[in-house]
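Each chain is listed here by its residues.
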Amino acid sequence: MQELGKAESNSTRIIRQDDKRVIIEKDLDTEYMVLSMGPQHPSTHGVLRLECITDGEVVVEAEPYLGYLHRCFEKYCENVDYPAIVPYTDRMDYLAGMNSELAYCITVEKLLDIEIPRRVEFIRVIVSELNRIASHLVAIGTYAIDLGAFTPFLFCFRDREHIMSLLEWISGARMLYNYIWIGGLAYDVPADFKKRVAEFIAYFKPKVVELYKLLTENEIFVKRTYDIGIMPADVAINYGWSGPMLRGSGVKWDLRRNDPYSIYPELDFDVPVPDGKFSVVGDCLSRHLVRALEIDESLKIISQCLDKMPEEPNFNSRAVIPKRIRPKAGEVYGRAENPRGELGYYIVSDGKSTKPVRCKARSSCFVNLSAMKDLSKGQLIPDLVAIIGSIDIVLGEVDR
Amino acid sequence: MSSSPSLNTWSDALSGFSIGWFPLGLVIVAVIPLVFIALYALTYGVYGERKISAFMQDRLGPMEVGFWGILQTLADILKLLQKEDIVPTAADKFLFVIGPGILFVGSFLAFAVLPFGPAFIGADLNVGLFYAVGIVAIEVVGILAAGWGSNNKWALYGAVRSVAQIVSYEIPASIALLCAAMLAGTLSMQQITVMQTGPGGFMHWFLFNNPIAWLPFLIYFISSLAETNRAPFDIPEAESELVAGYFTEYSGMKFAVIFLAEYGSMFMVSAVLAVAFLGGWASPLPNIGGLHLNDMTSGPAWGAFWIIMKGFFFIFVQMWLRWTLPRLRVDQLMYLCWKVLTPFALIAFVLTAVWEIYR
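First to last, the protein sequences are chains G and U. According to numbering that gives the first Met the number 0, the residues represented by the first sequence are 0 to 399, in order. According to numbering that gives the first Met the number 0, the residues represented by the second sequence are 0 to 358, in order.
No lab work stands behind these hints, which were simulated from the structure alone. A portion of the hints provided could be inaccurate.
What follows is a set of in silico ranges between Cβ atoms, one per label pair, in the way DEER data are often shown [claimed, not checked]:
no.	chain 1	residue 1	chain 2	residue 2	range
1	U	Met62	G	Asp349	54 to 60 angstroms
2	U	Met62	G	Lys359	55 to 61 angstroms
3	U	Ala136	G	Glu50	45 to 51 angstroms
Covered stretches of chain G, going by a simulated chain U footprint (3 or more residues, C-beta under 8 angstroms) [what the hints assert, rightly or not]:
no.	region
4	86-92
5	133-139
6	173-186
7	219-228
As the structure is a prediction and not an experimental result, all values here were calculated from the model. C-beta: ideal position from N, C-alpha, C; glycine also.
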C-alpha cells in the first residue's frame with residue numbers, strides 16, 4: 000500500500016493498494032485544538048509555556064514561550080561590581096548554585112589572570128560536584144513525577160537534603176550560597192568537613208543502587224522513556240546541545256575533560272555515554288541514564304578530592320582575593336560543565352570601570368530547550384511531558 | 000457454623016421492619032453501608048492512604064491534628080465544607096453539577112449487593128455479580144459529564160481517556176468474574192460466597208480449590224485498578240499530564256464527593272474480588288483436628304470482619320502499587336487491555352469451562 004496524499008484536510012486520505020486500486024478513505028472531520036500547556040502546569044518545571052496544537056492526543060506542534068521568569072540578569076550585571084554578580088549567578092540555575100558561581104568565577108579569574116591556591120580549587124570541585132549530585136537528584140526525581148511515580152521523587156529529595164545541609168554548614172545558605180568568590184572562597188571549610196562528606200558518600204552509595212532498582216530498572220519507566228524523543232547526535236550538535244543531553248545522544252563531550260578547568264585534569268573519572276544496549280541512543284531513557292551514571296562519577300570525583308586535598312592549618316581562603324577588581328581592557332569567554340550542560344559567561348571589560356561593560360550568560364537550558372519544537376512533533380501528550388522532563392530545564396536559567 | 004443464623008436473616012428482618020407506613024428498616028438497610036463507607040473513607044481511605052504513602056516515602060504524613068494526625072480527615076472535610084462552591088462561568092451548569100452525583104451514585108449502588116457476612120446483604124439479587132459489574136459502568140457517564148461540563152480542555156482529555164479506559168477494561172474484568180460465576184454456578188453474591196465456605200477455610204476458596212482461578216483473579220485485579228483509575232492506570236487524572244483530569248475544575252464539596260466516590264469504588268472492586276475468588280466473608284482459618292478454628296471464626300460478626308479485612312488488604316495493595324509504580328501511557332494501557340488481558344481472560348474462561356465439565 001502506498002499513500003498518495005492527503006486531500007483538503009487531514010481527514011481524507013488517498014491510498015493506492017498493491018493491486019493498483021485506489022481507495023479514498025474518509026475519516027470523521029476533525030479539527031486541531033490549541034492547548035496552552037503552562038505556565039501554571041505541574042510538569043513544565045516552573046513557568047514554561049507550551050502552545051500545543053493537538054490532534055486528539057497527538058501534538059502536531061508545540062511552541063515554547065519563555066520569559067515568565069525574566070529578571071534582567073545581563074543588564075543587572077552592567078550596574079554592579081564584579082563580586083556583586085556572584086550571588087546573582089546563584090539565582091540563575093538555583094538548583095546548582097555552586098556550579099554557576101564556579102563558572103562565573105573562573106571566567107573573571109581568566110580575565111584577571113590570578114593564581115588560585117590549590118586547597119581552594121579542591122574545595123570548589125568538591126562543593127560543585129556535591130551540588131551536581133543534588134541537581135541530578137532533583138532532575139531524576141522530578142522526571143519520575145512527570146511519569147507518575149511519586150515515591151522516587153521523595154527518596155531523591157531525602158538524599159538531597161543531606162547535601163543541602165552539608166552545603167549549608169559550609170556556606171550558611173541552602174540553595175543560594177554565595178560561597179565561591181572571585182579568587183577564593185567566602186570561608187574555609189569547617190574542621191570536620193572531610194569526615195562528614197565521607198560519611199555522606201558511604202550513606203549515599205547504597206541509595207543510588209536503591210534508586211536504580213526503584214526507577215531506572217522499572218519496566219513501566221523504561222516503557223515510557225524507551226525510544227521516545229530521539230535526538231540524533233548531529234542534530235544535537237547543530238542545536239548546540241551540551242551536558243547530559245548531548246551525551247545522551249552519544250557524543251562524548253564533557254567540558255571537564257574536553258576543556259579542562261580547575262583541577263579536573265588530575266582526577267580520574269569517566270564520561271558516561273549510552274551504549275545503546277539498554278536504551279536507544281538519543282532517547283529520553285539515555286538522557287536519564289547519563290544523569291544517573293553521572294551521580295556515580297561525581298561521587299568518585301569527591302572521594303578523590305577528599306584524599307588529595309592539601310591540609311593547611313590556619314588557611315585563609317580569602318588570601319588572594321583582590322581588594323578591588325578592575326580587570327584590564329579586554330574580553331573573555333569562560334565556561335564550565337554545569338549539571339545541565341555548558342554554562343558560559345562572556346565578559347567585556349573596558350579597563351577603567353569596576354563593573355563589566357557586558358556580561359552575557361550562555362545558558363545550557365535555554366539552548367537545550369530550543370530543540371523542543373523539533374522533538375515534540377507528532378508526539379502524544381504524555382510523551383511530550385516525558386520529553387520536557389528529560390530536557391531537565393530550570394526556568395531561572397532559561398529566562399535569566 | 001453451628002451458631003450462625005441462616006443466610007440473610009438479619010437483613011430480611013430489617014427490610015420488613017416498619018413503623019406504621021414508614022419503611023424504617025429499608026432506610027436502615029440503605030444507610031448501614033453508607034455509614035460504613037463514610038467511616039472507612041475517612042479513616043482507612045484518606046487517612047490510611049496518606050499514612051501508608053508517608054511511611055513508604057520516609058515521611059510521617061499528617062501529624063498535627065489529633066494524636067498522630069488521626070483527625071486530619073475531619074479537618075479536611077471541615078475545610079472543604081467551608082469552601083466556596085465554584086461553578087466556572089463557562090461551564091455547562093447542569094452537567095457540571097450532576098457529574099459528581101452520578102459518579103457517587105454509581106460507585107455506591109454496587110454496595111447493595113455486597114454480602115457483609117452471612118446474615119447481612121443489602122439486596123441478595125440472583126444476578127448480583129452482573130449488577131455489580133453493570134452499575135459501576137454508570138460512573139463513566141458521570142466522568143464524561145464532569146469532564147465535558149467543566150468546559151476545560153484538560154478535563155475533556157481526562158474524561159475521554161477515562162471513558163475509553165473504563166469501557167475497555169470492563170471486558171476482561173467481566174470475563175474474569177464470569178469464571179468465578181461458572182465455578183459457583185450462580186450469579187448471586189451470597190451464593191458465590193457460600194460455595195466457598197467449608198471446614199477447610201481457605202482451601203475452599205476458588206483461588207485455591209482449582210488450578211485455573213489464579214488467572215482470572217490476576218486479570219480482575221489488574222482490570223479493577225484500571226476501572227477505579229488507580230495507578231499505574233491513573234491516566235484519566237494524571238496530575239503531571241492533565242493537571243487533575245476530569246475534576247480539574249472542581250472544588251469544595253463537589254471535589255470531596257468525587258474523592259469519596261473513588262475510595263468507594265476502591266473498596267467495591269476489592270470486595271468483589273474477595274467475594275469472587277477469596278471466599279467473601281468466609282473465614283480463612285481451617286479446622287485442624289480437634290481445633291475448630293473455622294467454626295470459631297465464622298458467624299455474622301466474623302463474616303463482616305473477614306470481608307472488610309480482605310477488602311482492606313486489596314486496598315492496601317492498590318495503595319502500595321500506586322506509590323511504587325510510574326504511570327502507563329494511553330496506548331500502552333489499551334495494548335495491555337486488548338492484546339494481553341482480554342485474550343488471557345478468554346483463555347481462562349475456556350479453561351474454567353473445561354474444568355467445570357471434567358472435574
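Hints versus structure:
1. With their beta carbons about 59 angstroms apart, Met62 (chain U) and Asp349 (chain G) fall inside the hinted range of 54 to 60 angstroms.
2. The hinted window of 55 to 61 angstroms between Met62 (chain U) and Lys359 (chain G) is violated, with their beta carbons roughly 49 angstroms apart.
3. Between Ala136 (chain U) and Glu50 (chain G) the CB atoms are about 37 angstroms apart, so this pair departs from the stated range of 45 to 51 angstroms.
4. Residues of the region 86-92 of chain G lying with their CB closer than 8 angstroms to a CB of chain U number 0, which falls below the three-residue condition for coverage.
5. Counting residues of the region 133-139 of chain G whose C-beta sits closer than 8 angstroms to any C-beta of chain U gives 0, which falls short of three, so the coverage hint is violated.
6. Under the rule that three or more residues need a Cβ within less than 8 angstroms of chain U, the assignment of the region 173-186 of chain G is violated, with 0 such residues.
7. Counting residues of the region 219-228 of chain G whose beta-carbon sits less than 8 angstroms from any beta-carbon of chain U gives 4, enough to reach three: the coverage restraint holds.
Taken one by one, the earlier hints fail for this structure at numbers 2, 3, 4, 5, 6, listed in ascending order.
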